[in-house]
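Residue numbers (my numbering), protein chains in the order written: chain A, 282 to 427; chain B, 282 to 427.
A portion of the hints provided could be inaccurate.
[Stated by the list, open to error] Mimicking EDC-like on lysine to aspartate or glutamate, the simulated pairs with C-alpha atoms at most 20 Å apart in a straight line are: (1) 355(B) - 352(A); (2) 403(B) - 378(B); (3) 318(A) - 352(A); (4) 376(B) - 364(B); (5) 315(A) - 345(B); (6) 355(B) - 353(A); (7) 355(B) - 345(A).
Simulated from the structure, these hints should not be mistaken for laboratory data. Fair warning: this is a prediction, and the values are worked out from it, not measured in the lab.
2 protein chains.
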Amino acid sequence: MNIEDYLSNNKNRPIAFVHMCLDPIHYGHINIIKEAKKYGNVVIGLMTDEAMLGYKRKPRINFEDRLIICEELKPVSYIFPLDGINYASVAEKYKFEYFLHGDDWKSNIQSDSRKKLIEVMKNWGGVVIDVPYTKGISSTEVISKF
Amino acid sequence: MNIEDYLSNNKNRPIAFVHMCLDPIHYGHINIIKEAKKYGNVVIGLMTDEAMLGYKRKPRINFEDRLIICEELKPVSYIFPLDGINYASVAEKYKFEYFLHGDDWKSNIQSDSRKKLIEVMKNWGGVVIDVPYTKGISSTEVISKF
C-alpha cells in the first residue's frame, strides 16, 4: 500500500510520525517508538542513504538493510523513505496529527526545521512532541563502541 | 511469565528456538527469526554478556539493551537469557520441537555442540534445522563498518 492510500484511510488516523536513521538501531529508538504508539498509529520516516549523507554522515548500514529491521518492530504501522529534513513540507503533505522527536533537536542542526514545523502544523491542529532524549545512547555513541 | 510456565502451556507449542547475541542486530537475524516463525512460536535464547565473553567476544551492547530491541520484534513470542552454548542441555530441559541455527555452525566452534544437540533431540522427536547462512552479513561484519 502506498503512503497516500494508507494515510487517506481514516481508520489509520491519528498518525504519530517519527523519523529516524536506525544506523544502527538502539534502545533510544525503541523508547521513542513506544512513546509514539501512545498517540496513534506509528509511521516511520526512514532516512534514505542520500538524506543521511546530506545532513549527518555516510550510513554504515544501507537503507534496505535498515528497513528490514524496522519492518519487524511491533509498534510500527507504516514506513516510508524520507529523503531530507524538510519536516514542515512532509508534515504539510501528509497532515500528521503528531510529530515526535527526541528533544535534543531543540538545540542541534535541526532546530530551525523544528521551529518551522511547529508553525506549519498549527494549520491543521497538529502537535510537535519533544520526547525527553534517552540519556546515554545515540547511534553515534553505539558506533564509538564498535 | 517465566519460561517454565510459558513452555508448559500446550497452546504455545510447537516451539521454534533460536539463540542469538544481537550485538548488533542485523537483517541476517531477521531472516532466521522469520524462518523460525514458519515452524512454530519463536523463542529466543538471548546470549548473556557472560556467555558472549566465554565463547565469542566482549559484547559491545549490554544484555539489557539488546533485550529491549528483541522484545519489540513482531515474530518473537518469548525471550530468555542463555548463559552458555551447551545447547543439548537447554534443548533437553525445554524439549523444543525445532532448534534453528545458521548453517555456518556446521564448521565453526559450535560444530560439536550441534552434533550433540542433534543426537539429544532425537529423544523426543525434536529437529535441528540449519538455515542457509545469510550471505554478506554478520555482526562481525557490521562491526567492521563502524
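Here is how each hint holds up against the structure:
1. 355(B) - 352(A): holds (9 Å)
2. 403(B) - 378(B): Between residue 403(B) and residue 378(B) the Cα gap is close to 10 Å, so the pair holds against 20 Å.
3. 318(A) - 352(A): holds (15 Å)
4. 376(B) - 364(B): OK: residue 376(B) and residue 364(B) at ~18 Å, within 20 Å.
5. 315(A) - 345(B): It holds: about 17 Å lies between the C-alpha atoms, which stays within 20 Å.
6. 355(B) - 353(A): Answer holds: residue 355(B) to residue 353(A) is near 5 Å, not above 20 Å.
7. 355(B) - 345(A): This hinted pair holds, its Cα atoms lying about 18 Å apart.
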